[in-house]
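Engineer: Each chain, letter by letter, is given below.
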Amino acid sequence: MSLETSTADDDSLDRRKLRWQRRLEAVRNWASVLKEDRMGQTGIAILAVFFFVGVFARPIELSVGPVWATVQPFSLAPYEPGARVAGTGLQGPSWDHPLGTTALGRDVLSQLLVATRVTLIVGIIAAFMAVFIGANVGIISAYYGGWVDDILMRITDVVYGVPFLPFAIALVFIIGASLVNVIFAIVLILWRGTARVVRSQVLSHKQRPYVESARAIGASDVRIMYVQIMPNVLPLISLYAAFAVAWAVIAEASLSFLGLGPPGMISWGEMIYDVRSAGALREAWWWVFPPGIAIMLFVMSVFFIGRSLEKVVNPELRHTK
Amino acid sequence: MGLREYIVRRILQLVFTLWAFVTLLFVLFRMVPGDPTTRFVMEYPTPEAREQRVEELGLNEPLYVQYVEYLGQLLRGEFGDSTHYREPVSELIFPLFLNTVVLMFTALIIAYTFGVLFGAAMGWLRGSRFERGGIVATLVARSSPEFWIGVILVWIFVFQLGVLPRSGIGAHGGELTMNVVDRYVNVDFLRHLILPALTGAIYYMATPALLMRNTMLEVLKADFIEIKKAEGLPERTVLYKHAARNSVLPLVTVVAIATGAAMGGSVIIETVFNWPGIGREMVASVTRNDYPVAMAAFFLMGTAVIVMNFVADLAYLYLDPRVKYE
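Keeping their order, the protein sequence lines are chains A and B. Heads up: the first sequence is residues 189 to 509, going by our numbering. Heads up: the second sequence is residues 20 to 345, going by our numbering.
Just so you know, the hints here were simulated from the structure itself, not pulled from any lab data. Using N, Cα and C, we set each Cβ at its ideal position, and we do this for glycine too.
Where chain A lies over chain B, by a calculated footprint (3+ residues, C-beta under 8 Å):
1) 28-42
2) 155-164
3) 168-177
4) 276-284
5) 296-306
6) 309-317
Among the chain A residues that face chain B by a calculated CB cut under 10 Å, a handful are:
7) 227
8) 350
9) 351
10) 441
11) 442
12) 481
13) 492
With the hints as extra help, turn the sequences into a complete structure.
Structural biologist: Below, the structure written as structure tokens:
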């Protein structure tokens with residue numbers, strides 16, 4: 189606690205060093221929790237595999253103006269996911285197509301691998317934006333209090349009254365299904381949880397001596413909020429970020445399952461939608477099970493990581509074996 | 020702040036939230052790109068007929084007049100006419116809402132009964148194999164979107180075992196003219212109810228199970244548990260009669276919130292099992308541009324959430340006198 193009373197203006201090298209040490213300590217803290225946490229390790233391992241697949245499923249090409257460059261040339265997917273590769277349509281697993289083919293004769297394995305990308309993009313971007321908004325609303329609301337707090341919290345209440353999925357369905361349908369719109373719809377709702385929790389944490393931090401002393405020295409509000417208070421609620425924010433990733437991925441999968449996913453992009457939810465609309469649910473187990481299991485594993489790995497972050501945030505949980 | 024003042028404030032807040040939600044709904048459905056009248060008015064044979072329809076619906080009025088008219092309609096419990104079914108929305112939406120309520124109540128009752136018992140056992144057997152396995156199982160269930168749980172259940176019970184119907188609400192359930200008792204009290208209906216209710220139950224069970232475990236861990240630290248054990252009462256009695264009972268409290272608010280949220284969460288389950296409820300109807304009406312129906316369905320779901328959040332706050336107040344009114 190004594191470290192936190194660092195003065196606001198005294199930004200000497202020592203102070204900076206101390207702050208970095210504190211941050212490092214937080215990371216080390218998590219590492220020590222992880223060492224004994226089988227679930228957290230499993231979560232990280234599974235997520236790492238998904239990241240690997242997401243990056244290497246298909247080559248990544250970037251174009252800046254007229255210049256085309258292949259950033260990542262590897263392709264784990266054996267076929268072009270949208271290309272017809274089997275003449276007869278629906279086929280069970282074989283050497284050529286380890287997970288069989290779809291009703292349109294496309295390779296299921298390739299679709300499965302490529303779909304990882306959409307999940308990662310939606311999960312990470314939506315969660316990051318939602319938590320960014322939520323954390324800022326929470327900090328500002330708690331720090332300033334008064335009418336600022338009133339307005340922000342009433343807005344949060346209203347958002348809490350909006351049913352998540354129905355709202356996303358209506359919004360995506362009205363403004364059009366695209367990757368950006370799907371993320372937008374998810375973010376508009378998802379920030380509410382972080383806002384409430386961060387607010388209540390900051391309310392208690394606001395009373396502590398380190399904030400008092402920073403203010404006495406003349407630190408600006410912005411500085412107190414983001415340099416003094418923010419690092420202390422960061423573990424909590426990262427916990428909510430992990431849960432936000434999970435909810436965002438489930439929401440995207442659900443929208444895609446209803447046929448409202450981003451068009452032209454294959455996602456796991458959309459694969460199951462395709463199975464249903466092809467009427468192949470009964471026979472094509474090779475087509476419906478892989479994407480379902482992939483969604484489950486992905487969300488599960490995020491929850492596992494969330495649980496170990498929870499132990500960092502709340503050390504009381506740590507001795508639960 | 021006194022108790023009464025708190026309640027009054029909370030009621031005002033409820034009214035404000037409802038108003039804001041209803042306004043949001045209005046804005047959302049007027050946000051449609053292009054001429055909004057084309058989305059509200061289906062194809063009419065002649066421009067004159069179309070013009071007349073636009074006038075009937077009041078779509079040629081300025082927006083604020085439409086807004087005031089819209090608020091008035093909601094207060095009278097009217098939602099206009101469906102452009103697809105060509106009949107008043109209120110008449111066709113309430114039977115559907117009832118179907119949703121029946122389905123989600125069944126799901127929640129199963130989820131909370133088993134979730135609480137399961138969570139209590141996990142907390143009691145802390146550190147055991149059972150607890151660790153239980154936590155993993157709960158997290159796996161929670162990681163599965165509802166449609167995926169539904170697909171697995173259909174695959175097992177319909178395709179492999181062939182013991183349960185695939186979709187719908189039963190031969191009698193479809194006839195909305197029948198009285199409520201005849202519709203819901205028959206074996207055929209129950210057979211149709213099992214799979215969708217089970218899907219919801221599995222999905223919603225994680226929250227009470229994990230929460231119950233956590234509060235159990237707190238309660239078990241209390242002295243009175245030691246005393247009860249020292250009195251020589253059987254373990255089972257201490258577990259369910261003394262420890263579990265005192266851990267249930269925080270769950271009451273969660274039940275209320277979950278009930279509200281479940282009304283909106285039924286969208287996916289109803290789609291998987293073709294259950295004629297407001298969730299499925301909302302998706303269907305949105306895709307066929309039947310905005311009055313979509314709005315009404317959305318309105319009912321949102322109102323359920325808001326009212327149940329309110330109930331949760333009051334329940335908490337009533338059950339835990341230590342709460343401070345902030």
